[in-house]
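Asks: Single-letter residue listing:
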Amino acid sequence: MLKITNYKNKIIFLSVIWILLLIAVSIWSVFTGQYPLTIKGLLDGDKMMLMVFFRLRLPRVIMGIIGGFGLSIAGYVYQLVFKNPLASPDIAGVSSGASAGAAFAIVAVSASAPFISICAFAGGLIALSITLLTAYAVPGKNKYTIILTGIAIHSVAQTILMFLKLAADPEKQLASIEYWIMGSLNGISIDSIAIPFFITFIGFFIILLLYRQILILSINEDEAASLGVNVTIFRFIILITATLIVSSIICVTGLISFIGLIAPHIARLLTGRNDRFTYISSGFAGTIIMTLSDIFARSLSSSELPVSIFTSVIGAPLLIILLIKSNKKEDL
Amino acid sequence: MKLFKKISAVALSMIMLISVTACNSSHSDSNNKNTTENTTSAFEIMSYFNEIGVSYPLTVTDQAGRTVTFDKAPEKIASSYYISTSLLIALGLTDKLVGIEAKANTRNIYKLAAPSAVNLPNMGTAKEFNTEACVAAAPDVVFLPMKLKKAADTLDELGIKAVVVNPEDQSLLKECITLAGKITNTYGRATALNNSIDTFLTSTKNDVADEKAPSVYLAGNSSVLSTAGSHMYQDTLLTNAGGKNVASELTDTYWANVSYEQILTWNPEYIIIAADASYSVDDVLNDANLANCTAIKNKNVVKLPNDTEAWDSPVPGSFLGSIYIAHILHPDKITKDFYESCVTEFYKNFYGFTPSK
Amino acid sequence: MPDLIVPTLDISDVSVYYGHKCAVKNVSFNAHSGHIYAIIGNNGCGKTSLMKAVMNLTGHNGICRLNGKTLEKMSVKKRARLISYIPQKTGINISMTVREVCLLGFNPHLRIFESYSSNMRQQVDKAIDSVGLAGLYNTDFLTLSEGQKQLCILARTLIEDTPLLLLDEPDSALDFANRHMLMKHITHISRNNKCVIMCIHSPELALEYSDVIFLMKNGKIISDIDVHTADITEINEKMSFLYSNINVVECADANGRLHKTVLSL
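Protein chains in written order, with UniProt numbering: chain A, 1 to 332; chain B, 1 to 357; chain C, 1 to 265.
Bear in mind the hints are in silico, worked out from the structure with no lab data behind them.
Among these hints, one or two may not hold up.
In silico contact screen, one side only, chain A against chain C (beta carbon under 10 Å); selected entries [said to hold, decoys possible]:
id: 1; residue: Gln79
id: 2; residue: Ser110
id: 3; residue: Val156
id: 4; residue: Ile219
id: 5; residue: Gly228
id: 6; residue: Gly272
Once the Cα atoms are required to be at most 30 Å apart in a straight line, the calculated DSS-like pairs of lysine-lysine come out as [as the list claims (entries may be wrong)]:
id: 7; chain 1: A; residue 1: Lys83; chain 2: C; residue 2: Lys184
id: 8; chain 1: A; residue 1: Lys83; chain 2: C; residue 2: Lys69
id: 9; chain 1: B; residue 1: Lys76; chain 2: B; residue 2: Lys161
id: 10; chain 1: B; residue 1: Lys174; chain 2: B; residue 2: Lys303
id: 11; chain 1: B; residue 1: Lys297; chain 2: A; residue 2: Lys47
id: 12; chain 1: B; residue 1: Lys111; chain 2: A; residue 2: Lys165
id: 13; chain 1: A; residue 1: Lys47; chain 2: B; residue 2: Lys303
id: 14; chain 1: A; residue 1: Lys47; chain 2: B; residue 2: Lys244
id: 15; chain 1: B; residue 1: Lys212; chain 2: A; residue 2: Lys165
id: 16; chain 1: B; residue 1: Lys174; chain 2: A; residue 2: Lys165
id: 17; chain 1: B; residue 1: Lys299; chain 2: A; residue 2: Lys165
id: 18; chain 1: A; residue 1: Lys47; chain 2: B; residue 2: Lys147
id: 19; chain 1: B; residue 1: Lys297; chain 2: A; residue 2: Lys40
id: 20; chain 1: C; residue 1: Lys77; chain 2: A; residue 2: Lys10
id: 21; chain 1: A; residue 1: Lys165; chain 2: B; residue 2: Lys303
id: 22; chain 1: A; residue 1: Lys165; chain 2: B; residue 2: Lys149
id: 23; chain 1: B; residue 1: Lys299; chain 2: A; residue 2: Lys47
Example chain A residues on the side facing chain C (calculated, C-beta under 7 Å, incomplete) [to be verified]:
id: 24; residue: Thr38
id: 25; residue: Leu42
id: 26; residue: Asp44
id: 27; residue: Gly45
id: 28; residue: Asp46
id: 29; residue: Ser155
id: 30; residue: Thr159
id: 31; residue: Leu209
id: 32; residue: Ser226
id: 33; residue: Thr232
Beta carbons are placed, not taken as given, at the ideal position from N, Cα and C, and that holds for glycine.
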């Protein structure tokens, strides 16, 4: 690998790499799929091709980009705020809450996509709120309080999910629940990407603007307070923002595992820091892994495969390679 | 005793042979005579219940390869699988049922043919067998699906005779019907059932054999984006009905998930939705992502009827699913009248009720 | 000059309870700017709890005032502009450069979305130079030695520029040389009209670097020593309240300056 000593040059180098990679995988992704699209056909205005391109292909590619980016920056924030390298949306019970919400929608009401999304979103938020409220209500809290509460809420949500699965019709509802939990970018329509896009976009900037406070939160409560950060308020704002991003994405895609855990580590190993650029890099790393995973998920066979398989298959070796290559310890 | 068994076996095979010839002749009839006559003659086979006695003790090999011996015809029967339950009703054994599978109240066929069965003790689901409830019901025989093979062995240890059935495809269904008929001493009725199924399937297949097979997309229960590949029973139904499954390249044994793009690439002429689907024909017709698909443009989207049974699972009446699809794909060859008469006659003869049209 | 009339820090009747356990019992004292106050006592005597009470990090009875203003009534941010804190060991455990760590010291002075100015960056570099870490601006904080880490945190404290400094056993992880270097920097800071209060384990360091020593036992301040005026007998007598087996003696260094040193018996 190139040896770059100056951090400014490193930023420029990595930025160029990220943008080139993003363009490359996006183009690859746009021209991968079951329907044979040709540039010529698109330029000639083939009605069918245009429809496939704008209604199906493009929304899916965009959702992959938003999803990978959002899940990764949220994971990055979770890892900092919880001071835990294994933190991911699951640590506050968010994704299991969302799964329980989606399962509730499928079993108790109907399997219509918008309704599942709303319920998943609500489930994620309820889980996070209970986690935070319980953690604040516990006397003598320490840095493990939130994590332990999160684990408790996570198990409760898993239990609810199990009950719903038990109650589900094995032929149709159970299959829907399983498929939702496995996560997929299949069936993304142009209408469903607007909300995740705006929430991720706004959330990204909120986190960027509050970045200094997030760094201070990553130290510890006493030191953070002595540096003038109201831990309770800022932790709440920041976690809510990250959770909104995660919920808005997974309520459309279903659970997509591993990206939120692995992309931040990859970014950190590349920059060796925890600055704003690392934060943005983790978004890019997530986007690229997600887009690649989705390319494989939809092109390896005629049937759709769960995208989570590939996020792990691509992400895990990448992380291991970087870990071996970096002579510096992973610090977080 | 052995001699008697041999004799009866020979007798049985003779009867089988005769019925097969009867099949063939009725089929050759159907080719020559006009439809009305053909159907009347064909429907007779449904009411032709020949009493064939079964001698006990009877040793059978179930579809999991286990051998079970019965000293006498079972008087109390339990079933924890909706296909075997439906089969037992078709064999006229409703009154002998002492327990059936969970969620029985969701199946229309029970309400129509055996309302009393709905309130029978619940033996659990295919995933979670309720052994204690089964022991409490004290059946002489329990019919279990392949998934519950383990439970069958447990029941054996508890002294309850369990029979595993595995009606995965048409020939296994036939085997299953014969097996159940022998065990429950309703072999004559079982034979009639098998003969009816064979006759109607064969005649339908032959009627549409020379037609051009339209391409069909089979939409699954949970979403329009799930479909049945060539290894699923739905594919058999469709092939028998003279259709071509666009997803035949898929070899999943369960509903496979596909993308909108994939459906558009296949561009099927027909979309047939599974009977238990959680969405409607209109949902599919109004799905903007499919608007350019031939099936949608020509409004060739239908859902398998579910007012009696889901024919896309290998229940005894599943051949009606083939006839239904055949009448959609080839209305000139298989008329609506013929399809409706088949449904009426079948349920009247074997299940004892007249389905509403 | 109100600062001359009102003591800089006025602790009155502070008690800290953890459940039924009393960690600090009715502690009152005054502290003035320009001086270093050392609180010594055995583990569990309530030193850290007292510090936390002053910073309002723990619930407590009693009132702490700084320059006449009640600390308990202030917002977290306002309090942070008045008090800076050096823990035993910083909680920073992610890769950040020394410069980034020190820049965090500006946080209490910045509005929520405001970012660092170039002037601030220059000030940070100066602060890093002044604690002797010149040239390490872009070094990963985690790769520093414990001593360098503490000096870096000290540089952050310089940036915070607060009238009151609280130090909780800042020397505990340091070796001999670093320990004295850190103390010298702290002495230097206090001359800049700051009030410094530090918890410390070693009576020797307290005698060497502080102006006043508070002796704490079982949650109470049992006595205090004015290091500059107390004679060796008084010091020995008061030290014996805490330590039964030490002896404070005076001796001269090579330059003839008198130092107090502690002998273990």
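Asks: Against this structure, judge whether each hint is valid.
Replies: Structure-based check of all given hints:
1. Gln79: 9 Å, holds
2. Ser110: Violated: closest Cβ of chain C sits about 43 Å from Ser110/A, beyond 10 Å.
3. Val156: At about 28 Å, which exceeds the 10 Å cut-off, the nearest Cβ of chain C leaves the hint on Val156/A violated.
4. Ile219: Holds, about 4 Å.
5. Gly228: With Cβ-Cβ at 3 Å, under 10 Å, it holds.
6. Gly272: Since the shortest Cβ distance to chain C is 6 Å, the answer is holds.
7. Lys83/A x Lys184/C: 33 Å, violated
8. Lys83/A x Lys69/C: Not satisfied, since the Cα-Cα distance of roughly 35 Å exceeds 30 Å.
9. Lys76/B x Lys161/B: With a Cα-Cα distance of about 11 Å, the restraint between Lys76/B and Lys161/B holds, given a limit of 30 Å.
10. Lys174/B x Lys303/B: 26 Å, holds
11. Lys297/B x Lys47/A: 14 Å, holds
12. Lys111/B x Lys165/A: 26 Å, holds
13. Lys47/A x Lys303/B: Judged against 30 Å, a Cα distance of about 29 Å means the pair holds.
14. Lys47/A x Lys244/B: 26 Å, holds
15. Lys212/B x Lys165/A: 43 Å, violated
16. Lys174/B x Lys165/A: Since the Cα atoms of Lys174/B and Lys165/A sit roughly 33 Å apart, the hinted pair is violated (cutoff 30 Å).
17. Lys299/B x Lys165/A: Given that 30 Å is the threshold and the Cα spacing comes to 35 Å, the pair is violated.
18. Lys47/A x Lys147/B: 48 Å, violated
19. Lys297/B x Lys40/A: 25 Å, holds
20. Lys77/C x Lys10/A: Distance ~35 Å between Lys77/C and Lys10/A Cα, so the pair is violated.
21. Lys165/A x Lys303/B: Distance ~26 Å between Lys165/A and Lys303/B Cα, so the pair holds.
22. Lys165/A x Lys149/B: 22 Å, holds
23. Lys299/B x Lys47/A: Holds: Lys299/B and Lys47/A sit about 19 Å apart, inside 30 Å.
24. Thr38: With a minimum Cβ separation of about 47 Å from chain C (threshold 7 Å), the hint on Thr38/A is violated.
25. Leu42: The hint is violated - Leu42/A has no Cβ within 7 Å of chain C, the shortest such distance being about 43 Å.
26. Asp44: It is violated, given that the least Cβ distance between Asp44/A and chain C is near 50 Å, above 7 Å.
27. Gly45: Interface hint status for Gly45/A: violated (47 Å vs cutoff 7 Å).
28. Asp46: Since the shortest Cβ distance to chain C is 49 Å, the answer is violated.
29. Ser155: Since chain C brings no Cβ nearer than about 28 Å to Ser155/A, farther than 7 Å, the hint is violated.
30. Thr159: 32 Å, violated
31. Leu209: 5 Å, holds
32. Ser226: 4 Å, holds
33. Thr232: At 9 Å from the nearest chain C Cβ, Thr232/A fails the 7 Å test, so the hint is violated.
Against the hints set out earlier in the document, violations occur for numbers 2, 3, 7, 8, 15, 16, 17, 18, 20, 24, 25, 26, 27, 28, 29, 30, 33.
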